Structures are given as structure tokens and as C-alpha cells.
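As given, the protein sequences belong to chains F and A, one line each in that order.
Counting along the first sequence from 1, when you hit position 76 you're at 76 in the UniProt record's numbering, and nothing is skipped either side.
Counting along the second sequence from 1, when you hit position 298 you're at 298 in the UniProt record's numbering, and nothing is skipped either side.
Because the hints were derived from the structure by calculation, they are not lab data.
All of these numbers come straight from a predicted model, not from anything done at the bench.
Incorrect hints may have been included.
One copy or two, either will do: identical chains are not told apart, so a pair holds if it fits within one copy or between any two.
Keeping only pairs whose Cα atoms sit at most 20 Å apart, straight-line, the calculated SDA-like set for lysine to any residue is [stated by the list, open to error]:
| hint | residue 1 | residue 2 |
| --- | --- | --- |
| 1 | Lys199 | Gly209 |
| 2 | Lys129 | Leu119 |
| 3 | Lys199 | Met228 |
| 4 | Lys199 | Tyr143 |
There are 2 protein chains.
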Amino acid sequence: MRMLINVPETVVADALRGMAAAHPELTVDVERRVVVRRDAPVAGKVALVSGGGSGHEPLHGGFVGPGMLTAACPGEVFTSPVPDQMVRAAAAVDSGAGVLFVVKNYTGDVLNFEMAAELAEDEGIQVAKVLVDDDVAVTDSLYTAGRRGTGGTLFVEKIAGAAAEEGAPLERVEAIARRVNGRSRSFGVALSACTTPAKGSPTFDLPPGELELGVGIHGEPGRERRAMMTSREIADYAVDAVVEDLEPAGPVIALVNGMGGTPLLELYGFNAEVQRVLGERGVPVARTLVGNYVTSLDMAGCSVTLCEVDEELLRLWDAPVQTPALRWGR
Amino acid sequence: MRMLINVPETVVADALRGMAAAHPELTVDVERRVVVRRDAPVAGKVALVSGGGSGHEPLHGGFVGPGMLTAACPGEVFTSPVPDQMVRAAAAVDSGAGVLFVVKNYTGDVLNFEMAAELAEDEGIQVAKVLVDDDVAVTDSLYTAGRRGTGGTLFVEKIAGAAAEEGAPLERVEAIARRVNGRSRSFGVALSACTTPAKGSPTFDLPPGELELGVGIHGEPGRERRAMMTSREIADYAVDAVVEDLEPAGPVIALVNGMGGTPLLELYGFNAEVQRVLGERGVPVARTLVGNYVTSLDMAGCSVTLCEVDEELLRLWDAPVQTPALRWGR
Numbered sequence: 001m002r003m004l005i006n007v008p009e010t011v012v013a014d015a016l017r018g019m020a021a022a023h024p025e026l027t028v029d030v031e032r033r034v035v036v037r038r039d040a041p042v043a044g045k046v047a048l049v050s051g052g053g054s055g056h057e058p059l060h061g062g063f064v065g066p067g068m069l070t071a072a073c074p075g076e077v078f079t080s081p082v083p084d085q086m087v088r089a090a091a092a093v094d095s096g097a098g099v100l101f102v103v104k105n106y107t108g109d110v111l112n113f114e115m116a117a118e119l120a121e122d123e124g125i126q127v128a129k130v131l132v133d134d135d136v137a138v139t140d141s142l143y144t145a146g147r148r149g150t151g152g153t154l155f156v157e158k159i160a161g162a163a164a165e166e167g168a169p170l171e172r173v174e175a176i177a178r179r180v181n182g183r184s185r186s187f188g189v190a191l192s193a194c195t196t197p198a199k200g201s202p203t204f205d206l207p208p209g210e211l212e213l214g215v216g217i218h219g220e221p222g223r224e225r226r227a228m229m230t231s232r233e234i235a236d237y238a239v240d241a242v243v244e245d246l247e248p249a250g251p252v253i254a255l256v257n258g259m260g261g262t263p264l265l266e267l268y269g270f271n272a273e274v275q276r277v278l279g280e281r282g283v284p285v286a287r288t289l290v291g292n293y294v295t296s297l298d299m300a301g302c303s304v305t306l307c308e309v310d311e312e313l314l315r316l317w318d319a320p321v322q323t324p325a326l327r328w329g330r
Numbered sequence: 001m002r003m004l005i006n007v008p009e010t011v012v013a014d015a016l017r018g019m020a021a022a023h024p025e026l027t028v029d030v031e032r033r034v035v036v037r038r039d040a041p042v043a044g045k046v047a048l049v050s051g052g053g054s055g056h057e058p059l060h061g062g063f064v065g066p067g068m069l070t071a072a073c074p075g076e077v078f079t080s081p082v083p084d085q086m087v088r089a090a091a092a093v094d095s096g097a098g099v100l101f102v103v104k105n106y107t108g109d110v111l112n113f114e115m116a117a118e119l120a121e122d123e124g125i126q127v128a129k130v131l132v133d134d135d136v137a138v139t140d141s142l143y144t145a146g147r148r149g150t151g152g153t154l155f156v157e158k159i160a161g162a163a164a165e166e167g168a169p170l171e172r173v174e175a176i177a178r179r180v181n182g183r184s185r186s187f188g189v190a191l192s193a194c195t196t197p198a199k200g201s202p203t204f205d206l207p208p209g210e211l212e213l214g215v216g217i218h219g220e221p222g223r224e225r226r227a228m229m230t231s232r233e234i235a236d237y238a239v240d241a242v243v244e245d246l247e248p249a250g251p252v253i254a255l256v257n258g259m260g261g262t263p264l265l266e267l268y269g270f271n272a273e274v275q276r277v278l279g280e281r282g283v284p285v286a287r288t289l290v291g292n293y294v295t296s297l298d299m300a301g302c303s304v305t306l307c308e309v310d311e312e313l314l315r316l317w318d319a320p321v322q323t324p325a326l327r328w329g330r
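Given only the sequences and the hints, what does the whole structure look like? Please build it.
Here it is as C-alpha cells:
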């Protein structure tokens, strides 16, 4: 146990208290576990609500703010939030223009957001849903039927969030979110397992000197396990997996994401290799983001997400965003 | 070895190539190892140049941009950059208004920046220097005579950078930098050792279940080693160490910093405890920053830095900043 915690039972509540103290621009309901941008509901604006298990920070709470999510619902570590949280979030942020639920494709999240959508609609809130399933590594996995939702979530939340901020109506925000998910693909690699507070030991067995190619963000198995590879070899493997599936015809935005335990120095070096492979494959890169955005607690490793963009999606990506983890423009 | 690298020899160059690709707003000279904001020199503006060993990212390269550093010189991992880099950086950014060197108090950095200052002055560049020595853990340590420079560097670079951006002359920027360092104190805690690429194994021996109280950002020994403590106990120890030394009479800005390997979920939880202790000690908190800013590669752990601010320093802290790692306002 090398964790900076009190007891496993209070990890999420403690983090929310700490988040509230650091970010007065957010309203954090620690007891009910809802993070909301302070000025919500914003008159006439479609609201975006997401959520999922904790342990992937800054996803989703760190993406709440003008230009991105309107609210986030954190569950227990690696555990879906409950419908009650989602309904409360929807009620807190709905201006009458409707709410888009952004749902990563894990069975628990899908079921709970579905139930929440029904309950919210019973309360007179118009709800649309978009499922994020960008991970090309495997189809059907631990916790998932179909593909898993990982790094593509950041693109969906940023780009659809920008459309909502501009005043697009619900069906348009939903359509943009679907388009972004449809043009996003991810592939993750673990150099170590992660340790959940409740378990206190690594969640899966990955001997030193081996890596898991195609790992999920909860340590779910990927495509194969191999002896340690270089940054260059990992980039070849991961980028090829993404590009072969996405088959981009135009420019992409690249997210070179750390799983939590890999230093930024290494992530930047890995980005150099990712850019090299993209260049060799003839894929133009419009924007690049490097850092820890969709993490797996202290897992060492990385993921690559590409989102193919047209002029509109790139403009929405560049639009101002003011959240704890992503902020630019104004 | 769970590192995302090619070979240890190219880690810094690889990272700089990846940084260049991700940040077109910076000019990155990979060969000469200088990171410069693209629009430098800025007419009439005092330039801020810092640098130090790599492995502490985003420090310093991630702090280059409008409102903060004008240039950064990364050395090898945990190794001072050489005077030649610093002179090149100074020459690249000097507008004629002079250059402030921000130097963390490690023997190698201090000597090299001193030599660079002499060389730059020989080239007709006006140079001032500020030494950052905010770490209260120990006096005289591995690599250091006096106190070590750690998290306070972020405050010096941000606040003096804002003054320079506003057009303050060199002696005023230098005076503000000294004032910030004089009002900043830090204390760090390691829950694990870090692993440098060159060594490939932990840099010091910290058995699981023990922590190092007062650790330096290169894993230098601290005040004492103890059996694992809770987040609450660690906050009590670290904040008290800082507050007893700083004796703040007014509000502070709090940096709750991750060493690299500790998840953001845990850092936010730790922040809740830090805020609790500060409340109990009667120290008002004006602003709080939580995240990985001054790291030690993959070390698990955290540090607390407090900077006591008056109205002017707080205004300069809030002033716009546009760097890879720190950005707000406009």
C-alpha cells in the first residue's frame, strides 16, 4: 500500500471535498456526489452530463466547466455511479433545453444511465444519450459488450460541449457527439497494473518486464502480452491499431494520454514516436494533447486516441474551454 | 524497467521532440536543449530564464509562455543544464530589457547559472539572478548547501513572470521574485522512490509500508522515515512543518503537488486534509492548485508549498498565463 489516503471507504468523498476547496468555480455536492459548473443551469443552453467510476481523474469531474461538461457524477472507484446521481445532476443543470448524457460503454454505466434517462424524462427533462465506444483493442471485454469507451470520451465531451456552449439545440449536440465518437479510436498499453484502494494490491498480475497491449482503463485484458518494448515499438503497434481501424481520410487530433503512473517526460518522448508513425502513415495531425487525462489510478502506461476532424469539429475543439483539466481560449 | 522510453541516452531529446510537436506555440531547439516562447524576444519586456535537471516535468519547459518563463533549459535527468544552454537562452530572449535567471538551489545549477550570467554579461546582456530555496525539510542536503528549491519555483516563475509581462523593469522583477521566494515554503513526502532511466532501478531504498518525510525532488533524504501514515497524518505533518517555518500573517496560495506517481484522485483527497489543517491553524487560503507540477519522475508522494501573498502578489498570480501546464485568464 503506497497510497495517499485515509481509508478506502472515504477516498471518493475525500477527493470531492478537496476538489471543492480547489475549484470555487464548481459546485461540488460531496454527499450526493455531483460536480456542477457553478453558473448552471445556463439559460437556453443544452447541458452535458457524464460520469463513471472514479480512478480515471481528471475524467470526468475535471472536465466540468464552460465549453465542456455541465455536470459529472463520480461513482466509487471503477464502479458506475447510480441513477439517482445522474437524475440529480440532470435536474440541477437542465435549463429546459435538454440534457445529453455522455456514457462510456461499460455495462453498469449503460444500464444506470438508461434508468436515469427514464427517471429524468418522468420529471419532464428532455434527455438524449451518446455511447462512447472508441477502444479498438478488443470487442466484448470484462464489463463491456462491444467496444470499451476510453480516451474518445475527452473528444466527445470537449467538442459536443463547445457546440452546446454556442447554443446548438439538443439534437444537434447529440449528432455532433455521435459524429465525434464515430471518428475516434483508441488503443492503450499497460506497463504495470494499477492498485485500487479497496484491494490494496495490483488489480491484475503483470510481471516486471512485460506489458499488456490493448489494456482497458480498469486493467481489463487486451490483445496480447509481450516482453517489454521500446517507446518506438509501442507507438508503431498502438498507432497502427488505431489507424487501421479508423482509416482517416483527413487530419486528426491526437491525444497521447498517460495512464497515471508514467512521467510526463516519458509521455512527451512517446509523443515524438506517435508523431513519427503518423507521419509515416501519411496522417496529418491538426492538434496534439499530451498528459494524464483518462487515467487508471497509478497504472504505468499510455494510450493513443485519434479523432478525425473536419473544419467544424476542429473549430469546436479550438473553442474556449474553462475546466480544471482543460482550459484555453476565451 | 517499466519505462516508456527507447534508450536512456535519448530520453531528454525524445521528450523535447515530442514537446515541439505538441506545442507549436513554443520554439524547441532539440539539439541545443532550449525551449523558448515563440514570440521572444518581446520588445521592452524583461525575460525570465530557468532550467534544471529533467525529470521534474512540467517544470520548467511546461511553464514557458506568456505570463511566465520566456525560456527554459532542460539538463539531463536530475542533472544541471550547462552554461552554454543558459547563455543561448538568454541571447534568444533578451529584448535589451535584461534577463532574470531563476535558479533552484542545487550546487550544480547554482555554479552553472553563475558562469552563464558572467558569459551573458560579456555579451552585453544585463542579467539578474534569484535563488529559490523554499524546502524547509532540511538544511544542507545531497547536492545542496542551504535549503533545496522545490515547489516555490512555480510561484516565483508565475508571479515574477506576470510582473515582467506587465512591463516591470529588471530590478523590480528581481525584487518580486525574491519576495515570492522569501514568502514560500515547501515540504515533500515520498511513498515510493523514483526510477531514473539511466539507473533503471529505484534511486533509493524505501520499503513498501514506509515513507520518507521531507524528501527532496531527487529522492534526497528528508527528516525521518516512518511507517505508512494516513493522508490526514501526512497533511498534519507537512503543513505544520511549512506553517511553523513560514509563520504566515496573511492569506496564502497553496500548491498541493504530486510527485508523479500518485493519482489525482488521491491528491484531491490529500488537498481536503491540507485545507483542514490550514483552517485549524487559522491560515486563510486565497487560491489552491492541485496536480503534478514539480515532479520526481514516477515517485509516489506529494508536497505542500505555501506562498504568503499580499494584494499585489495575488493580483500577479491571477494575471493571465498561457503555458502548456499553467493557463488561465487572457
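Do the hints match the structure? See the list:
1. Lys199 / Gly209: between (23 Å within a copy, 15 Å between copies)
2. Lys129 / Leu119: Result: close within a single copy only, 14 Å intra versus 62 Å inter.
3. Lys199 / Met228: between (26 Å within a copy, 17 Å between copies)
4. Lys199 / Tyr143: within (18 Å within a copy, 39 Å between copies)
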